[in-house]
Amino acid sequence: MGVSKGWLGAMGVAGALIALGVALGEPGQVLMRAASVCLACMGIG
Amino acid sequence: MRRWVQAVATLAQNAYLAFPWTGTLYQGPLKGLCSPGLNCYSCPAAVLACPIGALQQAMGAVRPALRWGTYRLGFYVLGSLLAIGLVLGRFPCGWLCPFGFLQDGLYKLRAPKVAVPRFLGALRYAVLGVLVIALPLWATKPFGYGEAWFCQLLCPAGTLEAGALLFLMPDLREQLGGNFALKVGILVGVLGWAVVSYRPFCRTLCPLGAVYGLLNRGSLLSLHWDPTRCGDCRACVDGCEVEVDPRRAPGSPACLRCFGCARERCPSSALTVRLGAYSFRPSPCTPEPPALPHQKTGPDRSRTRSAYPPGGPAG
Numbered sequence: 000m001g002v003s004k005g006w007l008g009a010m011g012v013a014g015a016l017i018a019l020g021v022a023l024g025e026p027g028q029v030l031m032r033a034a035s036v037c038l039a040c041m042g043i044g
Numbered sequence: 000m001r002r003w004v005q006a007v008a009t010l011a012q013n014a015y016l017a018f019p020w021t022g023t024l025y026q027g028p029l030k031g032l033c034s035p036g037l038n039c040y041s042c043p044a045a046v047l048a049c050p051i052g053a054l055q056q057a058m059g060a061v062r063p064a065l066r067w068g069t070y071r072l073g074f075y076v077l078g079s080l081l082a083i084g085l086v087l088g089r090f091p092c093g094w095l096c097p098f099g100f101l102q103d104g105l106y107k108l109r110a111p112k113v114a115v116p117r118f119l120g121a122l123r124y125a126v127l128g129v130l131v132i133a134l135p136l137w138a139t140k141p142f143g144y145g146e147a148w149f150c151q152l153l154c155p156a157g158t159l160e161a162g163a164l165l166f167l168m169p170d171l172r173e174q175l176g177g178n179f180a181l182k183v184g185i186l187v188g189v190l191g192w193a194v195v196s197y198r199p200f201c202r203t204l205c206p207l208g209a210v211y212g213l214l215n216r217g218s219l220l221s222l223h224w225d226p227t228r229c230g231d232c233r234a235c236v237d238g239c240e241v242e243v244d245p246r247r248a249p250g251s252p253a254c255l256r257c258f259g260c261a262r263e264r265c266p267s268s269a270l271t272v273r274l275g276a277y278s279f280r281p282s283p284c285t286p287e288p289p290a291l292p293h294q295k296t297g298p299d300r301s302r303t304r305s306a307y308p309p310g311g312p313a314g
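Chains as they are written, first to last, in numbering that gives the first Met the number 0: chain A, 0 to 44; chain B, 0 to 314.
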């Protein structure tokens with residue numbers, strides 16, 4: 000296989016985190032913030 | 000080939016080229032996905048979310064989420080970073096990051112070159128821990144949300160890319176103050192440093208590189224060293240821009256995964272790139288030399304040193 004059980008487990012954790020985040024609506028939050036002007040990024044504030 | 004991939008990746012992550020006419024940021028559904036590299040989501044052309052910006056926003060919202068029972072604790076961003084790092088390691092740093100691409104270009108300028116002190120590499124973990132996680136989590140505003148401290152105080156990619164908004168939205172210029180001057184100073188300092196040192200920001204300050212670097216050792220895409228093929232010519236060590244010894248530490252967190260050692264420098268195919276079980280040597284590659292007598296019984300450093308002419312094998 001070339002892929003260890005540890006790696007598969009970690010990837011499973013990553014997949015579970017993404018699935019949980021999607022179920023809680025987090026991508027919408029990311030979109031909302033990323034689609035608005037970030038004053039902090041410009042150094043304002 | 001790497002330059003072309005970097006150029007295409009930079010363009011792909013900043014593909015909203017209609018912004019001069021619309022006067023706004025891209026606000027489509029792709030902004031809900033994390034980009035693999037450090038690319039400010041307030042860049043008018045950006046079509047993806049910066050993972051470090053999104054992580055700070057998620058950390059800053061943890062306490063209100065717990066208070067209000069929404070339990071949005073940044074699972075999606077953490078999972079995305081973990082998944083990208085587990086598959087690619089620091090490959091996005093070497094091949095996909097727009098700010099890394101800019102630094103690569105600056106390093107090509109003619110100037111005296113200076114090594115980056117090795118101990119400064121630990122700074123990126125401090126930046127990750129303090130500015131990206133701890134301060135957004137604990138130093139909250141009166142109404143409960145934390146701020147994006149890395150973006151606000153340090154990120155030179157944000158100053159450069161989000162700074163383009165100052166041309167689109169002239170009203171914002173009235174709000175510029177001391178913090179903007181600080182960030183411009185940091186940007187100028189980092190870009191100037193990148194002329195004399197290779198990828199100084201990536202190696203000392205980038206929190207995204209810190210996350211991916213921690214996963215370099217176990218990532219699916221990896222570098223593999225075969226001691227039985229190694230001629231001990233040290234071409235990989237001497238040519239590595241980030242001063243990693245790929246023979247001793249092929250999974251080093253400092254390795255940007257440019258794979259220059261395997262692609263261009265190793266004359267004996269001792270270094271190969273692996274994707275899981277699949278092993279390959281990316282092009283352009285030197286034709287594989289014929290097997291040497293020592294390779295049947297293991298390495299013999301005294302003989303292999305003279306096995307190749309200077310500059311590698313002929314043909």
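Bear in mind the hints are in silico, worked out from the structure with no lab data behind them.
Please note that the accuracy of each hint is not assured.
Unchecked claim - Simulated coverage check for chain B against chain A, where a stretch passes if three residues somewhere in it have a Cβ under 8 Å from a Cβ of chain A:
#1 124-132
#2 148-156
#3 194-201
Stated by the list, open to error - One side of the interface only, derived from the structure: several residues of chain A facing chain B at Cβ under 7 Å:
#4 TRP6
#5 LEU7
#6 GLY8
#7 GLY11
#8 LEU19
#9 LEU30
#10 ALA34
#11 MET41
#12 ILE43
C-beta: ideal position from N, C-alpha, C; glycine also.
- Between the region 194-201 of chain B and chain A, see if three or more residues pass the 8 Å beta-carbon test, and mark the coverage as holds or violated. violated (count 0)
- Query: Checking C-beta pairs, does the region 148-156 of chain B have three or more residues closer than 8 Å to chain A?
  - Reply: It holds: at least three residues are needed, and the region 148-156 of chain B offers 3 whose Cβ sits within less than 8 Å of chain A.
- Please verify that hint: TRP6 (chain A), Cβ, nearest Cβ of chain B, below 7 Å or not. This hint holds: TRP6 (chain A) lies near chain B, its Cβ roughly 6 Å from the closest one there, short of 7 Å.
- Message: Would the hint on GLY11 (chain A) be counted as holding, given a Cβ-Cβ threshold of 7 Å to chain B?
- Response: violated (10 Å)
- Task: Hold the hint about ALA34 (chain A) up to the distance rule: shortest CB distance to chain B must be less than 7 Å.
- Result: holds (4 Å)
- Three residues minimum, CB to CB under 8 Å: does the region 124-132 of chain B make the cut for coverage by chain A? Let me know. violated (count 0)
- Restraint check, 7 Å cut-off on beta carbons, for MET41 (chain A) near chain B: Hint on MET41 (chain A): holds, closest Cβ of chain B at ~5 Å, below 7 Å.
- Message: For the restraint on LEU30 (chain A), tell me whether the closest CB of chain B is nearer than 7 Å.
- Response: holds (4 Å)
- Task: Would you settle whether the hint for LEU7 (chain A) is holds or violated, based on the nearest Cβ-Cβ distance to chain B being less than 7 Å?
- Result: Because about 10 Å separates LEU7 (chain A) from the closest Cβ in chain B, which is outside the 7 Å limit, the hint is violated.
- Message: Less than 7 Å between beta-carbons is the criterion; does ILE43 (chain A) satisfy it with respect to chain B?
- Response: Hint on ILE43 (chain A): holds, closest Cβ of chain B at ~5 Å, below 7 Å.
- Query: Is the hint on LEU19 (chain A) kept, meaning its closest Cβ partner in chain B is under 7 Å away?
  - Reply: holds (5 Å)
- Message: Given GLY8 (chain A) as an interface hint, is its Cβ closer than 7 Å to any Cβ of chain B?
- Response: violated (10 Å)
The structure fails to meet hints 1, 3, 5, 6, 7 from the earlier list, while all remaining hints are met.
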